[in-house]
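Undergrad: Here's the letter readout for the chains.
2 protein chains.
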Amino acid sequence: MINDFIYDIPVRVYFGRDQLRHLSAELKKYGQRVLMPYGGGSVKRTGLYDRIVKEIREAGLELFELGGIEPNPRIDSVRKGAQMCKQHHIDVLLAVGGGSVIDATKFMAAGACVDFDPWDFLDYGKKVTVEKALPIVDILTLAATGSEMDCGGVITNPETKDKNGMMYPPLLPKASFLDPTNTFTVSAYQTACGAADMMSHIIEVYFNMNQDLYMLDCFMEGLMKTIIRYAPVAMKNPEDYEARANLMWAGSWAINGFVNGGKQQAWSCHPMEHELSAIYDITHGLGLAILTPRWMEYCLDETTVAKYVQFGINVFGLDPSAAPMETARLAIERLGDFLFNTLGLKRTFPEVGIDRQHFSLMARKAVGGATLPGFKTLGQHDVEAIFEMCMK
Amino acid sequence: MINDFIYDIPVRVYFGRDQLRHLSAELKKYGQRVLMPYGGGSVKRTGLYDRIVKEIREAGLELFELGGIEPNPRIDSVRKGAQMCKQHHIDVLLAVGGGSVIDATKFMAAGACVDFDPWDFLDYGKKVTVEKALPIVDILTLAATGSEMDCGGVITNPETKDKNGMMYPPLLPKASFLDPTNTFTVSAYQTACGAADMMSHIIEVYFNMNQDLYMLDCFMEGLMKTIIRYAPVAMKNPEDYEARANLMWAGSWAINGFVNGGKQQAWSCHPMEHELSAIYDITHGLGLAILTPRWMEYCLDETTVAKYVQFGINVFGLDPSAAPMETARLAIERLGDFLFNTLGLKRTFPEVGIDRQHFSLMARKAVGGATLPGFKTLGQHDVEAIFEMCMK
Chain B
2 MINDFIYDIP
12 VRVYFGRDQL
22 RHLSAELKKY
32 GQRVLMPYGG
42 GSVKRTGLYD
52 RIVKEIREAG
62 LELFELGGIE
72 PNPRIDSVRK
82 GAQMCKQHHI
92 DVLLAVGGGS
102 VIDATKFMAA
112 GACVDFDPWD
122 FLDYGKKVTV
132 EKALPIVDIL
142 TLAATGSEMD
152 CGGVITNPET
162 KDKNGMMYPP
172 LLPKASFLDP
182 TNTFTVSAYQ
192 TACGAADMMS
202 HIIEVYFNMN
212 QDLYMLDCFM
222 EGLMKTIIRY
232 APVAMKNPED
242 YEARANLMWA
252 GSWAINGFVN
262 GGKQQAWSCH
272 PMEHELSAIY
282 DITHGLGLAI
292 LTPRWMEYCL
302 DETTVAKYVQ
312 FGINVFGLDP
322 SAAPMETARL
332 AIERLGDFLF
342 NTLGLKRTFP
352 EVGIDRQHFS
362 LMARKAVGGA
372 TLPGFKTLGQ
382 HDVEAIFEMC
392 MK
Chain Y
2 MINDFIYDIP
12 VRVYFGRDQL
22 RHLSAELKKY
32 GQRVLMPYGG
42 GSVKRTGLYD
52 RIVKEIREAG
62 LELFELGGIE
72 PNPRIDSVRK
82 GAQMCKQHHI
92 DVLLAVGGGS
102 VIDATKFMAA
112 GACVDFDPWD
122 FLDYGKKVTV
132 EKALPIVDIL
142 TLAATGSEMD
152 CGGVITNPET
162 KDKNGMMYPP
172 LLPKASFLDP
182 TNTFTVSAYQ
192 TACGAADMMS
202 HIIEVYFNMN
212 QDLYMLDCFM
222 EGLMKTIIRY
232 APVAMKNPED
242 YEARANLMWA
252 GSWAINGFVN
262 GGKQQAWSCH
272 PMEHELSAIY
282 DITHGLGLAI
292 LTPRWMEYCL
302 DETTVAKYVQ
312 FGINVFGLDP
322 SAAPMETARL
332 AIERLGDFLF
342 NTLGLKRTFP
352 EVGIDRQHFS
362 LMARKAVGGA
372 TLPGFKTLGQ
382 HDVEAIFEMC
392 MK
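Each protein sequence line maps, in turn, to chains B and Y.
All residue numbers for the first sequence refer to this note's numbering, where the first residue is 2 and numbers rise by one.
All residue numbers for the second sequence refer to this note's numbering, where the first residue is 2 and numbers rise by one.
Just chain B, with the same shape it has in the complex:
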């Protein structure tokens, strides 16, 4: 069954080495007063910060800055940004960083347009939607979350131990600047986590409730092959433009909505992982890497095996004539190989400091008090069982 869908991704993407010259024209479409959220010191170390500031100043725009947005961005940063937008009558936000900075910027842009606490947009109980947001432009420095081409964001609330994600169309960036050279300084470890995150975005859709359009399955397989091919290259040669370019563009297309076309789907590993990193503050991609192969193993049975076989043959080149269940298990093994050996990510919960203490709480929150309706419907006890599989 192929469902009806609406395709609508009007983000303008400036891709390549020499695109910053278009920045001020993009910003000026929306006004004169720019708020620039960014993360730690890396954009200053690389010189990117200076190039941006020069570009903006020379164009006669007025620049306000908000540095220090944390990985797994917190609602307090969002509140602060929204406040600055109001106080300084900001016209447009310019996020400079990876998914964390862009996600936080999105909810600042929404918070700037309302009188209530921006956490309300993320509180699953409140059902407050974003109707309006200030325009957002971004300069991406890390290929991973795809936030540069989607309308979602994930924000952590340390007081409530919630890490919630929501998507609202007004949060779609107007333009994104994707310069692969801006990811040359991303460490091997962060490159690996980003690759794991992208793989998960695709796997969450690929393994789901009904058949895709075949052409989109082909595309997803191509994206996975791209990540598997180039992540190790970028880890070894961080300034390999071809590898960084492929990873960067694949990261955007893994999650901009195109691959979902016509498919009924709900994600499984992401809600589980959000509970992990809400409590343990581990890197999102790392949590996903640990969970994904276990979740795949847990969901494998006679009713689901065909998809694993397709995955194994088309992504890992496995033998199409082998027994389906065997191919399926081998496919999961090959994925684990990629994540834990090639990318070198840690394989188990104990290795990243997670024990059984919060399993029950995290599982209950992951299923939202009911069930996770994905590739297989998961209840709280299923999620706990998957967590348990991650212990060794």
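Any given hint could be a false lead.
[Claimed, not checked] To give an idea of the interface, some chain B residues facing chain Y are shown, with a C-beta separation under 7 Å as derived from the structure:
1. ASP5
2. ILE7
3. ARG13
4. VAL14
5. ASP19
6. PHE65
7. GLY68
8. GLY69
9. TYR169
10. TYR190
11. LEU214
12. MET216
13. GLY223
14. LYS226
15. THR227
[To be verified] Here chain B is said to cover these stretches of chain Y; the calculated rule only asks that three of the stretch's residues, wherever they fall, bring their Cβ under 8 Å from a Cβ of chain B:
16. 34 to 40
17. 76 to 85
18. 221 to 232
19. 252 to 263
20. 378 to 389
Just so you know, these hints were derived from the structure itself, not from any lab.
Note that the Cβ used here is the ideal one computed from N, Cα and C, for glycine as well.
Based on the hints, put chain Y in the right spot on chain B.
TA: Chain Y in isolation, oriented as in the chain B frame:
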């Protein structure tokens, strides 16, 4: 070498069976007065015409019609449409049909905004560009040209025997309605021609001047596999939704610009084919089918062989361990098999009524008085040689 590029495809696509209910809301964004160009009687026979008119009338919009747009649309139809836009103060155009109708509608929308002859936009000598056009919405009834998601069009001028194509950003449709059931009545022959057209769109980019982003090569291979898989299904079972949906969406993505990202490219078979159908009025996809394998054969040598091997292995599943030149030849053969045996298209010029009489003129016009700078640079004598290969 991966070049910088800008990705910007803000077309809203309503895909699926039950999307016409969004039509009047889309049109109303632009105004009240709608001009609807369409082709022959097929939209009336299928009931689509009635459903559209009902939808528009019930929404209180004012509808003007322009039926009879021909395949290989002519400049006179464009002139007439532009004139009607001015006369009736049209706010938005609604193209209902295949690529021919949409192409013609685009240049009507541009012609409506100027005082000169719309052919000037297509006269390669004049360098008159489209700065402005009335908004365009379309309802696609034939999967082939991709006009629903790009900003180009091809128009024939019978007086000058020119068939010229141009792309101008203001001609990009605002919204496209892609309902695969609207292609259920497309004949097996037209389905085959559409499939050949789409294959050519991809092959023109895939076989080109420098390397793609690997992820885009994977995507192009996926599109080609999709067309090869589903065109015969749709020819045999015209109401197979899965087949029609895959063909329709693949057709849009074959040519909406996404696959070009970062690649220096210029097309070869299209300029050659346009000269054929300017004189002989054969179906575009049929002309491309005849030309493409010969062009590939003509361009095959030690410097280009690697791309053919990649194509053969990834699209047709050929043996990766065979000798490259052998694999390349086999890949061309397999493509010919698909076009002439599976799709049943005619294989040679004589079979479609083309003789040598205009070879020299057509070749000269195809290279625009100079050379065609594509996968291999082609001069007039090269094009004549390729035409000659099509004789048997």
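Undergrad: Sort out which numbered hints this structure fails and list those numbers smallest first.
TA: 6, 7, 8, 9, 10, 16, 17 and 20
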